Every structure is written in structure tokens, then in C-alpha cells.
Amino acid sequence: MSPFTGSAARTPSWEHLRVDLTDGVATVTLARPEKLNALTFGAYADLRDLLAELSRERSVRALVLAGEGRGFCSGGDVDDIIGVTLGMDTAQLLDFNRMTGQVVRAIRECPFPVIAAVQGVAAGAGAVLALAADFRVADPTARFAFLFTRVGLSGGDMGAAYLLPRVVGLGHATRLLMLGDPVRAPEAERIGLISELTQEGQADETAQQLARRLADGPALAYAQTKALLTAELDMPLAASVELDASTQALLMTGEDYAEFHAAFTEKRPPKWSGR
Numbered sequence: 001m002s003p004f005t006g007s008a009a010r011t012p013s014w015e016h017l018r019v020d021l022t023d024g025v026a027t028v029t030l031a032r033p034e035k036l037n038a039l040t041f042g043a044y045a046d047l048r049d050l051l052a053e054l055s056r057e058r059s060v061r062a063l064v065l066a067g068e069g070r071g072f073c074s075g076g077d078v079d080d081i082i083g084v085t086l087g088m089d090t091a092q093l094l095d096f097n098r099m100t101g102q103v104v105r106a107i108r109e110c111p112f113p114v115i116a117a118v119q120g121v122a123a124g125a126g127a128v129l130a131l132a133a134d135f136r137v138a139d140p141t142a143r144f145a146f147l148f149t150r151v152g153l154s155g156g157d158m159g160a161a162y163l164l165p166r167v168v169g170l171g172h173a174t175r176l177l178m179l180g181d182p183v184r185a186p187e188a189e190r191i192g193l194i195s196e197l198t199q200e201g202q203a204d205e206t207a208q209q210l211a212r213r214l215a216d217g218p219a220l221a222y223a224q225t226k227a228l229l230t231a232e233l234d235m236p237l238a239a240s241v242e243l244d245a246s247t248q249a250l251l252m253t254g255e256d257y258a259e260f261h262a263a264f265t266e267k268r269p270p271k272w273s274g275r
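The opening residue of the sequence shown carries number 1 in the numbering used here; numbering runs sequentially from there.
To be clear, the hints were calculated from the coordinates, so they are not data collected in a lab. Keep in mind it's a predicted model, so treat the numbers as computed, not measured. All residues carry an ideal CB built from backbone N, CA and C; glycine is no exception. Some hints here could point you the wrong way.
[Claimed, not checked] Distance ranges between label pairs, derived from CB positions:
id	residue 1	residue 2	range
1	M178	V78	37 to 45 Å
2	E196	P165	15 to 23 Å
3	A262	A161	42 to 50 Å
4	M235	G169	31 to 39 Å
Let's have the full structure, built from the sequences with the hints guiding it.
Given below as C-alpha cells:
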């Protein structure tokens, strides 16, 4: 995403999210614990806009997406979203569904790694938000459920039919999206839906440790790796290796590449600048 901005000022606060920025690590917390962090229209819009702002600023080197309390996110609020959508016309419904997809695209396309810290339920849209992240750190209480068919909708919501087969394979994705059955932490780890399984109550701390490691590393290399992982999902091999070659040639002109050689020669740890 381009770092160039217009005249609009940075948003000073976010009504539907709790945001902390510390030393290159952003922690974004869904903060409706009484509703298992169910999403509202405003929460979707805030996530979309926040990720765009952080991507332009280039001050964030890793982001942790977490949920307050005993759950990660229970999906769209039954009253505030599902009930309201019943009264919308087709144009309004298309605008809403496009917005939810824009959140997923923002997670996939932002130039920094995103880590979902999952405890308890990650259901419906909450499961897709975790799925879109680069890493899913979860404790044994985590359970994922792609519930869309259970409310009479397609299981392919918010890009789930694109992302899930690429993470767990077509067979598992078909079962999870078609039936909507919950997947508890042990099975989620077995099929590759979880990146790291922690001790109970340790998902947030472990996610922060991973974010710190990423933030202290070669940020430009991580950003380009993430971009290639997304871009090359649908590319033929010839196009992929050409894109890899162009990317490596560009990074070989960067400061971090030269810094690695200097650090290796001087027998010291590299001091990554992200440039």
C-alpha cells in the first residue's frame, strides 16, 4: 500500500477497537467481552480504516489482533448485524459484504505480519479474521467454526473459500465450510489451522513475543515475503520465479542486505533498519 497520504489527519481514537502502538508493535483488541467480541458494522469499518492508516504510516512492523476476555471473536452480532441486514436492500447488502471483504484484504495486503492471538471461540467472521492473519497463535481453549451455512448463507464468506483450502487443503476446507462444525485446538493444530499451540492462557503473551521478534527483524524482507506469498497463490511457476528474481534483486540493493554482510564479517548481530 502506498505511504502517500492526502490532507486527512490520522484518526486520534477508535470507537470500536482498543489500539496500542508500542515500539513498532500494534496491538488491536476487539473489546466487547460481554458479547464474546461480536462484530458490529462500526467494528468492521474501524478495522478496515485502521489497517489502511497503519499501512500508510509504515511505523508498524508487526500487529497482534486479539479479543478481550474468554473469546477471540464470535462473529457478526446477531442483533446488530444479522437482524439489521434483514431490512436492507440489495445495494446496501452488497456494500456491507464488500466492506467485510475489504477487512480481509487489508489484513492480507498490509506490509507487516499480522498475528491472531486466539483463545476461546473464533466463529463465523471471527474465524475468517484469524484465518486471514499470517500467524494464528492459540491456546487449548480455542475453537474455530465457520458457521455461515448454519445461518443459511454460503460458506465462502469474506474470502474463506479462497483462503481456507490454501491453509488446510481442499478436503478439510470443504468439511469446515460446508458443515460449520467446530474445530477444537488439537485438531486445528493437526490440520495446520494453528501456527502455534500454547499453554492455556498464554496465547496473548506468545503472540506478543512473536510480534516483538518480527518487529526487531528485517521488516522489508518480511513485507516482501508476505506480498509474494499472497501474490503467488494463483501464479504459474514461470511468473512466480520471475517475480522472486525481481524482488530479490531489489532487496539486494537495500541497507539490510549490506548490514547482514557487515555484521557477519564483524561477528556481531545485524542491526536491521527495515530498509
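**OP:** Check each numbered hint against the structure and report the violated ones by number, ascending.
**Re:** Hints 1, 4 not satisfied by this model.
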